[in-house]
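> In this text, residue positions in the sequence shown follow our numbering: the first is 115, and each later residue adds one.
Any given hint could be a false lead.
[Stated by the list, open to error] Calculated pairs, BS3-like style, for lysine-lysine (alpha carbon to alpha carbon, straight line, at most 27 Å):
hint	residue 1	residue 2
1	K275	K242
2	K277	K300
3	K356	K179
Hints were generated in silico from the structure; no laboratory data involved. Here the structure is a predicted model, which means the values were calculated and not measured.
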Amino acid sequence: MKTLRYWICFCLLFFVIVTGIACSRKGNNDTIRVGYFPNITHAQAVIGLSNGTFAKYLGTGVKIKSTLFNAGPSIIEAVFSEDIDIAYVGPSPAINGYVRSGGKALKVISGVSSGGSLLIVRPDSNIKKAIDLSGKRIASPQLGNTQDIALREYIKTCGLKPKERGGTVNILPLRNPDILNLFMQKQIDGAWVPEPWASRLLKEAGGEIFLDERTLWDGGRFSSTLMIVGTNFFKKHPDWVKKWLKAHVEITRWINQYPEEAKTVIGDQIKAISGISLPKNIMDDAFSRLEITYDPIISSLFSYAEMAYNAGFLGERKPDLSGMVDLRLLNRILKERALPRVTKKEKKKNNVRLFGGSERDGKRRN
115 MKTLRYWICF CLLFFVIVTG IACSRKGNND TIRVGYFPNI THAQAVIGLS NGTFAKYLGT
175 GVKIKSTLFN AGPSIIEAVF SEDIDIAYVG PSPAINGYVR SGGKALKVIS GVSSGGSLLI
235 VRPDSNIKKA IDLSGKRIAS PQLGNTQDIA LREYIKTCGL KPKERGGTVN ILPLRNPDIL
295 NLFMQKQIDG AWVPEPWASR LLKEAGGEIF LDERTLWDGG RFSSTLMIVG TNFFKKHPDW
355 VKKWLKAHVE ITRWINQYPE EAKTVIGDQI KAISGISLPK NIMDDAFSRL EITYDPIISS
415 LFSYAEMAYN AGFLGERKPD LSGMVDLRLL NRILKERALP RVTKKEKKKN NVRLFGGSER
475 DGKRRN
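Using the sequences plus the hints, can you model the full thing?
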């Protein structure tokens with residue numbers, strides 16, 4: 115009799131566990147999980163999640179679970195573990211994730227923003243030309259992130275090396291808030307940072323522009339943020355991904371049509387999320403150096419991959435990105451709206467002018 119009671123209890127416990135797992139899976143099956151940064155360069159996510167545009171397109175049957183991140187690599191790890199389905203992330207982490215997974219973990223399905231990356235220096239650091247970076251302490255937001263890769267390639271083309279490779283430029287990967295504080299304390303000489311941190315270094319810390327990264331690219335355009343989707347999620351829920359992309363396109367066009375309203379919404383949301391209040395002059399400056407776009411500017415991705423390879427971040431073989439970008443869904447949406455399609459252009463030779471030419475001298479450009 116006692117054995118029978120134990121057996122009944124075990125069966126009940128097993129039923130509860132299995133039912134719980136099934137319910138959990140069912141819950142996941144009606145939820146889309148999104149990762150992003152509370153940044154200006156992630157404007158579509160910041161606006162669309164706050165004003166309900168994504169929810170409107172997905173409908174009442176789909177829940178949205180959003181998660182804030184501070185760094186691209188952590189988003190990529192979450193995509194690997196399938197804890198995040200769609201993510202807004204910089205080119206370098208996306209490329210690294212694609213290469214590490216052998217091209218299996220993720221796809222780039224849209225652009226988010228272009229530009230908005232600058233090298234800011236202290237006026238008293240005596241950095242007037244590229245060679246003056248020798249012996250200086252220059253910060254980047256994170257080892258191997260998009261700005262860090264660009265900085266390393268830039269000094270390489272100017273005949274310099276980072277200190278850890280036997281060179282004279284001390285590159286310090288730091289969190290953006292720490293970069294601002296150390297810049298104000300004169301503990302670093304400069305920083306290659308994205309917006310709005312570049313504008314904050316200018317306005318709050320008295321820095322000056324040594325280089326706007328747009329001057330290094332043909333046409334002044336390069337990808338600074340991408341939208342990626344987990345490959346398995348893409349296969350399971352192409353309809354959800356299409357609805358999300360539709361909302362993304364609508365928000366992108368709204369931002370470009372009503373920039374003043376967009377800046378207000380983004381500023382309010384960044385303050386609500388992070389507690390940081392960005393004055394209007396900083397928002398205006400930051401937006402003046404950015405382009406909000408659904409074009410991933412594919413040619414720049416090939417160049418970033420080459421930079422990352424040159425810096426030793428992508429292994430011993432040059433990466434093959436031929437399957438990384440899938441624009442079919444985006445172009446279908448654009449066609450439905452009678453909008454110009456995004457073309458998948460191959461990388462041009464010397465697409466990035468920092469590889470040579472007139473920008474090699476590293477003179478300041480304001």
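> Confirm or reject each hint.
Each hint, compared with the structure:
no.: 1; hint: K275 / K242; result: holds (18 Å)
no.: 2; hint: K277 / K300; result: holds (20 Å)
no.: 3; hint: K356 / K179; result: holds (17 Å)
In the structure shown, no violation is registered for any of the earlier numbered hints.
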